[in-house]
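> Hey, can you work out the whole structure from these sequences and the hints?
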Amino acid sequence: MACAKSDYLVVGAGVNGTSIATTLVSLGYSVAVLDRSPDGFVAADGASNDLNKIIRADYTDGNYCTLAKEAISLWRTHPILHKFYHEVGVLFRSSDRGTVWGGAGSGSGEEYVRRGVEKARLEREGYLEVGATRGRAYVLEDDKQVRAVFEGKAVRLGEGMTGMGERQTGYMNPRGGWAEANAACRALLAHAVRLGVTLHANSTVTAFITENNRITGVRTADGRAFYADHIVLAAGAWTSDLLTTLVPPAAGKVGQAGWMTRPSAQCVAILRLTAAQAASIRGTPVIINFATGFYQFEPTWCAARGEWLLKIAYHSNGYVYPKPRVECSGGYPSFEASAFEARTATRQLGSEGDDAGYDMAAPSIPATQLDAMLAELGAVYPDLAARSNVLETRVCWYSDTLDENWIIDTLNHHPQFTAKAMGENVWVVSGDSGHAYKFLPLIGSLFASIAKLQPNTRLLDLHRFTFAHQVRLHQLKAQGEQIESADSNRFSEDKAKEANARARL
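Numbering-wise, full-length UniProt numbering puts 258 at position 258 of the sequence shown, and it's gapless, one number per residue.
A couple of the hints might just be wrong.
What follows is a set of in silico ranges between Cβ atoms, one per label pair, in the way DEER data are often shown [what the hints assert, rightly or not]:
{"id": "1", "residue 1": "Pro366", "residue 2": "Asn212", "range": "50 to 60 Å"}
{"id": "2", "residue 1": "Ala4", "residue 2": "Ala276", "range": "50 to 60 Å"}
{"id": "3", "residue 1": "Ser388", "residue 2": "His463", "range": "50 to 60 Å"}
{"id": "4", "residue 1": "Arg115", "residue 2": "Asn212", "range": "51 to 61 Å"}
{"id": "5", "residue 1": "Glu327", "residue 2": "Ala190", "range": "23 to 33 Å"}
{"id": "6", "residue 1": "Glu307", "residue 2": "Tyr138", "range": "30 to 40 Å"}
{"id": "7", "residue 1": "Lys420", "residue 2": "Pro363", "range": "36 to 46 Å"}
If you are wondering where the hints come from, they were derived from the structure by calculation, not from laboratory data. Bear in mind the structure is a predicted one, so any value in this text is a computation, not a measurement. All C-beta atoms, glycine included, are put in the ideal place defined by N, C-alpha and C.
Spelled out as structure tokens, the structure:
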């Protein structure tokens with residue numbers, strides 16, 4: 001069965017697909033969105049289908065720092081998204097290790113703090129601070145300043161929040177916080193539907209449709225055909241598997257790693273709090289241990305469950321197992337099951353050798369991971385870190401690139417895609433590397449600039465989002481060069497051997 005032709009066909013209803021579809025329909029294009037999910041919105045196992053995500057502008061990279069400040073302004077003022085944003089601030093601490101995870105350029109904890117505060121306070125970017133009502137970032141020089149952040153809260157702080165300015169360092173940026181991830185993503189896509197976007201649920205894409213040496217559409221597992229002038233593949237951690245499935249051998253044989261992005265599994269735990277426990281830390285900042293990558297939120301009320309939930313997680317090099325699954329049969333898997341999966345599972349396509357170009361993910365999530373996460377929480381909030389509070393653990397999948405720059409490019413620009421004319425209308429938008437969600441309000445606008453649908457008024461370095469940029473990085477890495485990250489410098493060979501080798505969000 002063939003569906004009506006669109007100007008743009010977007011595969012994936014997560015942060016990238018939702019933002020791009022919203023921008024395109026606002027520019028007057030006809031847009032169809034396909035997703036594996038039963039309702040057409042972000043799938044239950046998609047990274048955007050989450051309790052909350054950090055919203056912060058603390059980047060050393062100029063591209064992302066500028067974009068993030070603009071994004072935060074939009075979170076404050078966007079007619080749809082503002083109610084899902086909570087500007088409680090973000091507190092960065094080094095723990096007693098005093099260093100920053102990562103490779104060349106990451107430096108000491110003191111240098112990390114200095115750069116973070118400096119970037120946050122740039123006067124020339126004041127025009128990006130629309131709607132800001134809170135003060136600017138500042139160094140936490142002693143424990144008195146830490147206690148002031150929690151003034152009026154009944155919570156008992158742990159040893160991890162002491163020794164500031166002596167055995168650890170940190171800073172507080174009031175101009176950041178968190179967003180209700182799934183709720184915001186769904187609300188924005190619902191808005192796009194009201195503007196004219198059509199959603200197609202239960203749409204697992206299995207093949208390109210080609211006519212006269214040009215990709216004109218996609219076919220789904222149930223036989224439906226969708227046609228469009230332009231196709232946007234926004235499949236997140238499923239990108240490499242999807243492209244390996246879709247690209248015909250005659251157009252170039254590309255292994256999964258050849259797509260310049262690969263999935264990694266990250267660890268999340270959700271705790272259940274009593275009303276009194278939740279009240280003790282409501283309105284407190286997001287807290288990030290930048291020496292380990294551990295982070296935690298304030299509690300979130302879950303109306304569906306009728307209880308308060310607290311999310312804690314690690315952002316690390318990630319794990320090879322579990323793999324993202326093609327079928328959409330439920331939510332995130334529990335990460336305790338990954339040890340079994342590592343013994344029995346294989347890639348859906350290709351081979352494990354495809355990961356060789358990255359050298360960063362550990363095989364599977366260790367059995368002690370939950371204990372490590374609770375220990376980190378206990379160092380901050382000792383009264384909340386009981387194992388009996390744990391409701392569930394789950395995996396969050398990322399689509400990683402070598403330097404954490406995203407890929408927003410057409411298929412014909414991939415060096416191993418030989419049928420150049422065939423892929424010039426197919427966009428690959430991927431490589432979120434775990435730090436894309438905060439840009440939900442403007443990823444669509446960025447895509448429109450790269451696609452030359454509107455001017456690049458931000459004057460960003462757009463080459464960083466190309467396949468060519470990633471190809472060059474892989475060449476440099478093969479020559480033994482150190483790859484500098486756009487966000488965390490997480491992919492040091494030494495640090496890749498550790499359990500949690502990246503501290504960025």
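> Would you mind marking each hint as holding or not holding in the structure?
Hints, verified against the model:
Look at Pro366 against Asn212: about 52 Å separates their beta carbons, and that is inside 50 to 60 Å. Distance hint check for Ala4 and Ala276: the Cβ-Cβ separation is about 54 Å, which falls inside the suggested range of 50 to 60 Å. For the pair Ser388 and His463, the beta carbons lie near 51 Å from each other, so the given range of 50 to 60 Å is met. Checked against the hint of 51 to 61 Å, the pair Arg115 and Asn212 passes, with Cβ atoms roughly 53 Å apart.
As the Cβ distance of Glu327 to Ala190 is approximately 25 Å, the hint placing it in 23 to 33 Å holds. For Glu307 and Tyr138, the Cβ-Cβ distance of about 35 Å falls inside the hinted range of 30 to 40 Å, so the restraint holds. Remark: the range hint 36 to 46 Å for Lys420 to Pro363 is upheld by a beta-carbon distance near 38 Å.
In this structure, every one of the numbered hints holds.
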